[in-house]
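S.K.: First to last, the sequence lines map onto chains P, E and R.
Numbers 35 to 179, taken from the working numbering, label the letters of the first sequence in order.
Numbers 35 to 179, taken from the working numbering, label the letters of the second sequence in order.
Numbers 35 to 179, taken from the working numbering, label the letters of the third sequence in order.
No lab work stands behind these hints: they were computed from the structure.
Some hints here could point you the wrong way.
As the list makes no split between identical chains, a pair holds if one copy fits it or if it spans any two.
Unchecked claim - SDA-like cross-link-like pairs, simulated, lysine to any residue; straight-line CA separation at most 20 Å: (1) K132 with A146; (2) K73 with M142; (3) K132 with I74; (4) K73 with R85; (5) K73 with V88; (6) K73 with M129; (7) K132 with I151; (8) K73 with C122; (9) K73 with A137; (10) K73 with H109; (11) K73 with V60; (12) K132 with F80; (13) K132 with Y168; (14) K132 with I69; (15) K132 with L149; (16) K73 with L119; (17) K73 with L139; (18) K73 with K132; (19) K73 with Y93.
Because the structure is a prediction, the values reported are computed rather than measured.
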Amino acid sequence: MLDQIHWLAAVTVLGVLEQAYFFLQVIYARRLFGISPPKISGPPEFERIFRAQVNSSEYFPIFLVLLWQAGLFFHQGLAAALGLLYLCGRYCYFMGYKTSSSARLTPMYFSAGVLWILTAVSALSILHFFLSHYVGLNILQLLTA
Amino acid sequence: MLDQIHWLAAVTVLGVLEQAYFFLQVIYARRLFGISPPKISGPPEFERIFRAQVNSSEYFPIFLVLLWQAGLFFHQGLAAALGLLYLCGRYCYFMGYKTSSSARLTPMYFSAGVLWILTAVSALSILHFFLSHYVGLNILQLLTA
Amino acid sequence: MLDQIHWLAAVTVLGVLEQAYFFLQVIYARRLFGISPPKISGPPEFERIFRAQVNSSEYFPIFLVLLWQAGLFFHQGLAAALGLLYLCGRYCYFMGYKTSSSARLTPMYFSAGVLWILTAVSALSILHFFLSHYVGLNILQLLTA
């Protein structure tokens, strides 16, 4: 069973390390700008780093779910490759947001695009599974026949 | 293996689409009220939409975990049906919160109720697994005997 | 298959119950200090409880992912034991943060330490899987030979 998920698991660990990096960046920013918890407001420089981390955290479960479903129902390698693209996009988003609000936009659209592709792959491959499981209709086979 | 999880996967994709819809609503509200990131405070109308999205995001991983555990340890179809109820409850919660703080309460209690049922189903079916696995005690069999 | 994940599932349900407890604490604090949603700012006593819940929610998906990957790729019992330590640490963190910002630090470092151990266990056991799967190199066997 593990050989069906090891690439997904590897990308997931990379994702966890990326999240850890974002958390550490917020801790450094708190020290730099002298903003102790529980405070979350401060100069725009701090708030941008803070919001970049919060936004990445909110998307993390959604990313993982799509990565694993696309990997299990369609193709592990493709899902893992898209996962790596997403993690790169997230890194650029974080670094861009740190600089300015507008510099976050391009990598934000890129990451969102990758997520939409993963969503489409998941949804279509699950739909394909339903059709072949309940109706006996194998679309992939029909297309390649 | 996939035929044990395809209903759970389908409900999960619907959940992801719902979360995407909530994120888009926040983006529209930011434009409407002219509140650019990283700012998160503004008129109550904006803050209600923003909080509705944040609250839904915080509950999303908990929902997914309960959905999948109830589905794997008890019954996939029942878990998926409860999952659909939860997603409906969340939609009504979001739409209610958009109107007023008090209009979020009824669907909030409904969603929370569904989550508690999923928690009970997960906990009891895992307990049942432990009892039959380690003690050899099959309660379901005893009850139906 | 379920006997490979029942301890992970049991710890996960405990984690969900802990998160539910944290959510309830925020609801009680909102009533106590008279802070109705969507407001999230108030006296430091309220903000500490609120931030303790938000922080625990942000870490919850990361914790779950590491718990399950360490359990699947290395050892279920060890992962579940580390998971219990993490949940204890989180409880002390929440209770500490409720009292004062500084009282959260020791359990915060403890929880973070447990997460780093889970990360290392996950990463190394996945690396080990890759090595034995693709290179045919079984390090554990070499070490014990």
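S.K.: Are the hints correct? Go through all of them and say.
M.R.: Status of each hint after checking the structure:
1. With identical chains, the CA atoms of K132 and A146 are at most 20 Å apart within one copy only, with a shortest distance of 19 Å there and 24 Å across copies.
2. In this homomeric assembly, K73 and M142 come within 20 Å of each other (Cα to Cα) only across copies, at 17 Å, whereas the closest approach inside a single copy is 26 Å.
3. Proximity of K132 and I74 under a CA criterion of 20 Å is satisfied in both settings, with 16 Å inside one chain copy and 17 Å between copies.
4. Taking the shortest Cα distances, K73 and R85 sit within 20 Å of each other both inside one copy (13 Å) and across copies (9 Å).
5. Proximity of K73 to V88 under the C-alpha cut-off of 20 Å is found in both arrangements, the shortest distances being 14 Å within a copy and 13 Å between copies.
6. Taking identical chains as interchangeable, the C-alpha atoms of K73 and M129 lie at most 20 Å apart only when they sit on different chains, with a minimum of 18 Å there against 23 Å within one chain.
7. Taking the shortest Cα distances, K132 and I151 never come within 20 Å of each other, neither inside one copy (26 Å) nor across copies (29 Å).
8. Taking the closest pair of Cα atoms, K73 and C122 never come within 20 Å of each other, the shortest separation being 30 Å inside a single copy and 25 Å across copies.
9. In the homo-oligomer, the alpha carbons of K73 and A137 lie at most 20 Å apart only across protomers (16 Å), although the nearest pairing inside one protomer, at 25 Å, exceeds that limit.
10. Proximity of K73 to H109 under the C-alpha cut-off of 20 Å is found in neither arrangement, the shortest distances being 44 Å within a copy and 40 Å between copies.
11. For the homomeric pair K73 and V60, the shortest alpha-carbon distances inside one copy (12 Å) and between copies (16 Å) are both at most 20 Å.
12. When the C-alpha separation of K132 and F80 is checked against a cutoff of 20 Å, the pair qualifies only within one copy, where the shortest distance is 8 Å, while the shortest distance between copies is 24 Å.
13. When the C-alpha separation of K132 and Y168 is checked against a cutoff of 20 Å, the pair qualifies neither within a copy, at 50 Å, nor between copies, at 39 Å.
14. Within a single copy, K132 and I69 get their C-alpha atoms as close as 16 Å, and across copies as close as 18 Å, so both meet the 20 Å cut-off.
15. Taking CA atoms no more than 20 Å apart as the test, K132 paired with L149 passes in neither setting, with 22 Å inside one copy and 26 Å between copies.
16. In this homomeric assembly, K73 and L119 never come within 20 Å of each other (Cα to Cα): the closest approach is 33 Å inside a single copy and 28 Å across copies.
17. Taking the shortest alpha-carbon separations for K73 and L139, only the inter-copy value of 15 Å comes in at or below 20 Å, while the best intra-copy value is 26 Å.
18. Taking identical chains as interchangeable, the C-alpha atoms of K73 and K132 lie at most 20 Å apart whether they share a chain (19 Å) or sit on different chains (14 Å).
19. When the C-alpha separation of K73 and Y93 is checked against a cutoff of 20 Å, the pair qualifies only between copies, where the shortest distance is 19 Å, while the shortest distance within a copy is 23 Å.
When each numbered hint is compared with the structure, violations occur for hints 7, 8, 10, 13, 15 and 16.
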